[in-house]
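Asker: For chain A, the structure is supplied; the task is to place chain B on it using the hints.
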Amino acid sequence: MNELKLKLKGQRNFRPTICVDGKAVKFKKNKFGSIETKVATEKNSVEITIYKHLEIKSKLYILWYILYFFISIFGIFDVREDKKCIVYDCKFKVELNGTTSVDLTFNTSKDEAALAVESEANVEEIKNVTYVDQEAKKRMKIILGIKIALWVALGITAITLLLIKLI
Amino acid sequence: MRKDEAQQIDELTIEKNSLENASVKEMRMLHLGHFGKIFSNLSIFFTILSLASVLTLIMTLVLFLLGGAVLLILLMVIVVTLGIIFVIIPNYWGIITTVANALTSSSGYISKFGELVVKIWPVITPLAIVFAGISILFLCFDKTQNHTIRIVFSSVVLVIAIIILIALIVLLSGGAK
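Chain order of the listed sequences is A and B. Heads up, the first sequence stops at 167 in the numbering used here, and the numbers go up one at a time, no gaps. Heads up, the second sequence stops at 177 in the numbering used here, and the numbers go up one at a time, no gaps.
Bound-form chain A, shown alone (with noise of 0.2 Å):
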């Protein structure tokens, strides 16, 4: 039996999803603020897949803005996107070897890989990548036109009832 100890630090506000071998696995905080989790296999090698999905890249991104847009009241209450649209997409395949510790940092860098790989064990690096995805900016631009569509429609709303009502 091998076990992987696997520890990821200098993540900022967001947590990735982190999956060994396809499946997600639950971390745990420790009190320096990285994260780390123990997996247990009867492999030789394990593969770690570590992404950050971004909300608009949701199916029904515009049914789920739209909703948005009318529970925060029109907008108002609403938070404010993350408009850089950065998305982490990294897969590491690591030999296992009785008990093996990987550690995982974010660079700040926007030059260097996505992640920095410390282990004693042969790790082979699939993707480490962090990049901005211009289908999300797409997205963005398609979500700010129709919230744009919504404000002047419930202005043209509300002067037409203003109207009705002085007439």
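Don't read these hints as lab results, they were simulated from the structure. Beta carbons are placed, not taken as given, at the ideal position from N, Cα and C, and that holds for glycine. Check before you lean on any hint, since a few could be wrong.
Label-pair ranges, simulated between beta-carbon atoms [unchecked claim]:
#: 1; chain 1: A; residue 1: Thr-157; chain 2: B; residue 2: Ser-111; range: 30 to 40 Å
#: 2; chain 1: A; residue 1: Phe-74; chain 2: B; residue 2: Leu-137; range: 19 to 29 Å
#: 3; chain 1: B; residue 1: Gly-133; chain 2: A; residue 2: Asn-97; range: 24 to 34 Å
#: 4; chain 1: B; residue 1: Val-152; chain 2: A; residue 2: Lys-26; range: 22 to 32 Å
#: 5; chain 1: B; residue 1: Thr-81; chain 2: A; residue 2: Lys-165; range: 50 to 60 Å
#: 6; chain 1: B; residue 1: Glu-115; chain 2: A; residue 2: Leu-150; range: 30 to 40 Å
Answerer: Frame of chain A, contents of chain B only:
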């Protein structure tokens, strides 16, 4: 060879399905988090509104009581000075009339404002409590982001809203008696 390929395809399908399940779960969490933040903002707004109504009600009541006390003192001065005050200050009766008029108009304002508060507080204060409660619940379920500060803030808002609700019940039931 074919068996190996089939096994590999099976493993890939399982991995893809579990990844998709994980992303669906994460999307749900993200939506819950977004709703949580909106409800948190709404609860803050409604709490401020409730707090403003309570403070204005208290302030107008205090001003009304102060005005009453001033009027009482002005009338007592007439009794104490046996009317000599009218000789010292010729316009004394005018001052009393002004204070009395101000009191009458403020009492009208208080009754109007009181009516408004009575009408809106059963809606806004419980709404603030409900929104704060929902936001805490939703934010606790969202594991994709760290919401500790917002959860603490919403909890504080929840406590303040409950205190306002109790204060309003006490104030308005006291006023009815």
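Asker: Now, for every hint given, state plainly whether the structure supports it.
Answerer: Here is how each hint holds up against the structure:
1. A/Thr-157 - B/Ser-111: 30 to 40 Å: Holds, at about 35 Å.
2. A/Phe-74 - B/Leu-137: 19 to 29 Å: holds, 24 Å
3. B/Gly-133 - A/Asn-97: 24 to 34 Å: violated, 50 Å
4. B/Val-152 - A/Lys-26: 22 to 32 Å: Once the Cβ atoms are compared, 23 Å apart, the range 22 to 32 Å for A/Lys-26 and B/Val-152 holds.
5. B/Thr-81 - A/Lys-165: 50 to 60 Å: holds, 58 Å
6. B/Glu-115 - A/Leu-150: 30 to 40 Å: holds, 35 Å
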